[in-house]
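With these hints in hand, go ahead and build the complete structure from the sequences.
These protein sequence lines map, in sequence, to chains U and D.
At position 46 of the first sequence the residue is numbered 46 (this note's numbering), and the sequence of numbers has no breaks.
Here this note's numbering runs 285 ahead of the position in the second sequence, where the first position is 1.
Just so you know, not all the hints are guaranteed correct.
[Said to hold, decoys possible] Derived lysine-lysine pairs resembling DSBU-like cross-links, with alpha carbons at most 35 Å apart: (1) U:Lys232 / U:Lys52; (2) D:Lys378 / U:Lys279; (3) U:Lys232 / D:Lys549; (4) U:Lys84 / U:Lys216; (5) D:Lys378 / U:Lys275.
[Stated by the list, open to error] Have a look at the derived ranges for each label pair, beta carbon to beta carbon: (6) D:Lys549 / U:Asp261: 50 to 56 Å; (7) U:Arg201 / D:Ala361: 34 to 40 Å; (8) U:Glu123 / D:Arg344: 47 to 53 Å; (9) D:Pro550 / U:Ala91: 24 to 30 Å; (10) D:Arg474 / U:Glu123: 15 to 21 Å; (11) U:Asp261 / D:Gly403: 58 to 64 Å; (12) U:Thr159 / D:Arg452: 55 to 61 Å; (13) D:Arg473 / U:Asp261: 57 to 63 Å; (14) D:Leu726 / U:Asp98: 33 to 39 Å.
Worth flagging that the hints you see were computed from the coordinates, not collected in a lab.
The beta-carbon is built from N, C-alpha and C at its ideal position, and this holds for glycine as well.
Residues per chain, in single letters:
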Amino acid sequence: MFTSVDDVSARLAETGYLASPAVATTVFLADRLGKPLLVEGPAGVGKTELAKAVAEVAQARLVRLQCYEGVDESRALYEWNHAKQLLRISAGRDETWDEARTDIFSEEFLLSRPLLTAIRGDEPKVLLIDETDKADVEVEGLLLEVLSDFQVTVPELGTITASRRPFVVLTSNASRELSEALRRRCLFLHIGFPEEELERRIVRLRVPGLDEALAKSVVRVVGALRAMDLRKVPSVAETIDWARTLLALGADHLDETVVRDSLGVLLKHQDDILKAGAKLDLDAV
Amino acid sequence: MSTAERLTSLVGALRAHGVRIGTGETVDAAQAVEALGLADRERLREGLAATLLHGTAQRQVFDPVFDLYFPRGVGAPDETSGDRDDLRERLAKALAANDETLMARLAVEAVDGFGGYGNSPGSDGWSSYQTLDRLRPQTLLARVRDDVRGQQGMSGFTDRLLEDELRRRIETFRALVAAEARRRVAERRGRDEIARRAVAPTTDRVDFLFAGKDRLAELRRTVQPLARKLATRLAARRRRAARGSIDLRRTLRGSLSTGGVPMKPVLRRRRPARPELVLLCDVSGSVSGFSDFTMLLVQALHDQFSKVRVFAFVNRLDEITRLLEHGAADPEGLGARIRAEATLTGWHGSSDYGVALGEFASLYGDALSPRTTVFVLGDARTNMSDPNLPAVRQIAERARRVYWLNPEARAQWGTGDSAAYEYAESVEMHECRNVRQLGALVGRLLPI
Chain U
1 MFTSVDDVSA
11 RLAETGYLAS
21 PAVATTVFLA
31 DRLGKPLLVE
41 GPAGVGKTEL
51 AKAVAEVAQA
61 RLVRLQCYEG
71 VDESRALYEW
81 NHAKQLLRIS
91 AGRDETWDEA
101 RTDIFSEEFL
111 LSRPLLTAIR
121 GDEPKVLLID
131 ETDKADVEVE
141 GLLLEVLSDF
151 QVTVPELGTI
161 TASRRPFVVL
171 TSNASRELSE
181 ALRRRCLFLH
191 IGFPEEELER
201 RIVRLRVPGL
211 DEALAKSVVR
221 VVGALRAMDL
231 RKVPSVAETI
241 DWARTLLALG
251 ADHLDETVVR
261 DSLGVLLKHQ
271 DDILKAGAKL
281 DLDAV
Chain D
286 MSTAERLTSL
296 VGALRAHGVR
306 IGTGETVDAA
316 QAVEALGLAD
326 RERLREGLAA
336 TLLHGTAQRQ
346 VFDPVFDLYF
356 PRGVGAPDET
366 SGDRDDLRER
376 LAKALAANDE
386 TLMARLAVEA
396 VDGFGGYGNS
406 PGSDGWSSYQ
416 TLDRLRPQTL
426 LARVRDDVRG
436 QQGMSGFTDR
446 LLEDELRRRI
456 ETFRALVAAE
466 ARRRVAERRG
476 RDEIARRAVA
486 PTTDRVDFLF
496 AGKDRLAELR
506 RTVQPLARKL
516 ATRLAARRRR
526 AARGSIDLRR
536 TLRGSLSTGG
546 VPMKPVLRRR
556 RPARPELVLL
566 CDVSGSVSGF
576 SDFTMLLVQA
586 LHDQFSKVRV
596 FAFVNRLDEI
606 TRLLEHGAAD
616 PEGLGARIRA
626 EATLTGWHGS
636 SDYGVALGEF
646 ASLYGDALSP
656 RTTVFVLGDA
666 RTNMSDPNLP
676 AVRQIAERAR
686 RVYWLNPEAR
696 AQWGTGDSAA
706 YEYAESVEMH
716 ECRNVRQLGA
726 LVGRLLPI
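Next up, the structure:
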């Protein structure tokens with residue numbers, strides 16, 4: 001899919017995703033070694049975006065499994081279409097039991113869920129397993145088979161093996177420790193907050209109307225907030241929101257009033273806002 | 286040394302630090318090296334990290350070890366000025382421009398120029414401490430600040446951020462110097478030994494009692510996910526416990542819509558047992574690292590369990606449950622608030638387990654029932670006073686289980702004024718020195 005690390009950065013950039021060297025290197029390796037990519041990091045640094053960007057670059061279909069507490073086999077893998085099966089049984093009254101039985105467990109009655117979808121078919125696909133840490137432990141067991149051999153076993157049909165391996169991205173906020181076995185099957189990538197210069201480029205790309213000097217100030221203020229001991233430090237998503245807010249407010253430079261009035265865009269807890277306000281001397285004037 | 290050898294010894298050094306790496310990962314890493322080539326060192330670093338590591342916390346061990354096995358250069362730098370003022374001058378420029386490549390080069394020169402000590406083989410080496418002591422990068426702060434302001438003017442809001450930013454850059458430079466000194470020493474003494482000894486352990490293995498101030502902040506950051514992790518694990522276990530036998534009546538009733546075919550079995554609901562938790566925490570100065578920390582954990586547990594009562598003591602005991610009200614408390618000020626608002630000391634400031642446990646048994650006996658699990662968190666050092674064993678026995682009799690988590694190494698138990706073994710006769714005592722042990726213990730011991 002990619003020829004070199006530089007190729008990864010360049011092509012991701014075309015889709016509007018500016019990758020750090022770590023991200024570009026790991027994506028390249030995941031593609032080259034054919035291994036799933038486990039991406040961890042705080043919320044809002046672009047983990048899900050990365051999968052979308054890769055899908056766009058590869059002109060692949062993005063198959064997404066959103067994990068949540070209680071997601072199970074029938075949501076992740078496949079399900080039998082019971083209603084259709086019942087219809088089939090009551091429609092054909094004359095056939096023998098054996099005919100009916102084999103019939104209702106065929107492809108036609110199979111409802112393919114994300115994992116099975118990603119494995120079947122020849123078109124290129126990117127499988128995004130989002131917020132893996134939200135799923136129960138049993139689901140991880142399910143993922144193990146899919147991620148190591150790219151195959152799924154349906155008892156009535158047999159084993160379905162991928163003819164073309166999807167590019168797999170798993171994301172996690174580390175709210176639950178994923179199992180060692182799952183981690184072993186993946187390349188590990190931690191996306192943290194970007195370097196100042198990269199973040200400035202991201203902001204400029206996402207908020208085109210913002211001028212260079214203001215973008216620089218925005219990123220510096222966000223950097224200062226991240227260095228404070230806050231309950232929830234602002235992420236890249238918040239930086240972009242803030243830049244948009246400033247643009248909408250028509251602010252052409254930062255001063256106490258503007259920052260104080262819009263701090264709520266960056267910080268989501270009242271005590272964080274108070275703390276940051278005190279540290280930045282917002283009330284000094 | 287061939288790349289393969291280098292890679293395997295890197296893996297060996299990481300394993301020695303408790304990073305679990307299988308052969309499969311080593312093979313992946315070798316493939317990564319092949320795919321990436323050796324030309325770009327930072328790419329190589331990221332590639333190896335991606336294939337060998339499984340978690341974020343391992344990164345802080347990985348980076349210094351990588352620097353040792355895949356060093357930036359070999360031996361002394363090509364050109365050194367040896368002039369302190371000249372070096373400081375150039376460093377000031379690099380700091381002002383935030384040029385990390387230049388800073389890295391200067392770190393190499395600095396260690397070579399000012400870090401060397403000793404002149405007999407065997408006792409000589411390179412010291413980052415000495416380098417930084419002679420170079421004093423922190424004294425450049427005011428100068429660089431004025432330089433930058435001179436260039437950009439004093440304008441604007443972001444000006445007030447400048448000092449902190451410069452301070453962080455100086456920190457970066459200090460880290461670069463430390464890494465360079467390690468590299469030079471490793472060349473002389475052998476990489477494997479330095480990799481084993483000079484690289485700090487991952488945060489989850491740092492002793493609570495010896496954690497410095499900067500480490501504590503780090504520990505604090507690791508405990509939050511730990512608490513969340515515990516919470517999810519507990520929730521999962523509780524959910525599993527709810528699965529049980531089939532409730533036939535409700536299954537049949539549910540099957541009416543499918544013409545009597547029971548498509549969805551309904552499980553009998555089980556009434557969940559409601560565990561009660563009582564925590565007794567030593568918050569005296571001698572275990573301050575530990576107690577800061579248990580406070581965080583206690584708070585997390587408080588959010589998860591319906592019935593948690595928390596007591597703190599030094600030599601008097603007071604209930605602090607009300608101070609931990611859901612979400613209101615920040616861990617930062619919590620320790621200070623407890624000390625300010627609760628009555629924890631009597632006539633002196635050192636801990637007295639005997640009195641504190643006695644007070645708990647006599648005043649708060651109603652907190653205990655056959656459903657309560659009690660955790661005592663402390664080092665069991667009584668400062669030569671009476672350990673009051675009957676009080677502990679009394680608590681153990683009335684509660685369902687009592688666990689004592691001791692932040693001291695097992696080897697220290699019973700030495701000096703430690704009454705650890707005496708207490709351990711009546712209650713179950715566990716060594717709990719770092720986040721790793723704490724995580725394992727609480728997961729195992731908590732009643733579900």
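Okay, the hints, checked on the actual structure:
The straight-line distance between the Cα atoms of Lys232 (chain U) and Lys52 (chain U) is roughly 26 Å, inside the 35 Å bound, and the hint therefore holds. Using a Cα cut-off of 35 Å, the hinted pair Lys378 (chain D) and Lys279 (chain U) holds, with the two alpha carbons roughly 28 Å apart. Taking the CA atoms of Lys232 (chain U) and Lys549 (chain D), the gap is near 42 Å; set against the 35 Å cutoff, the hint is violated. Restraint check: the Cα-Cα separation between Lys84 (chain U) and Lys216 (chain U) comes to about 59 Å, which exceeds 35 Å; the hinted pair is violated.
For the given pair, Lys378 (chain D) sits about 33 Å from Lys275 (chain U) by alpha-carbon distance, which is consistent with the 35 Å threshold. In this structure the supplied range 50 to 56 Å holds for Lys549 (chain D) paired with Asp261 (chain U), their Cβ-Cβ distance being about 53 Å. Roughly 37 Å separates the CB atoms of Arg201 (chain U) and Ala361 (chain D), a value that falls within the hinted 34 to 40 Å. Between Glu123 (chain U) and Arg344 (chain D) the beta carbon distance is about 36 Å. The supplied range of 47 to 53 Å is therefore violated.
Taking 24 to 30 Å as the suggested C-beta distance range, the pair Pro550 (chain D) and Ala91 (chain U) conforms, at roughly 26 Å. At about 57 Å, the beta-carbon gap between Arg474 (chain D) and Glu123 (chain U) misses the expected band of 15 to 21 Å. Distance hint for Asp261 (chain U) and Gly403 (chain D): a CB-CB separation of about 60 Å, consistent with the stated range 58 to 64 Å. The given range of 55 to 61 Å is respected by Thr159 (chain U) and Arg452 (chain D), whose C-beta atoms sit roughly 59 Å from each other.
About 58 Å separates the C-beta atoms of Arg473 (chain D) and Asp261 (chain U), a value consistent with the hinted range of 57 to 63 Å. At roughly 58 Å, the beta-carbon separation of Leu726 (chain D) and Asp98 (chain U) lies outside the given 33 to 39 Å, and the hint is violated.
In this structure, the hints that do not hold are numbers 3, 4, 8, 10, 14, in rising order.
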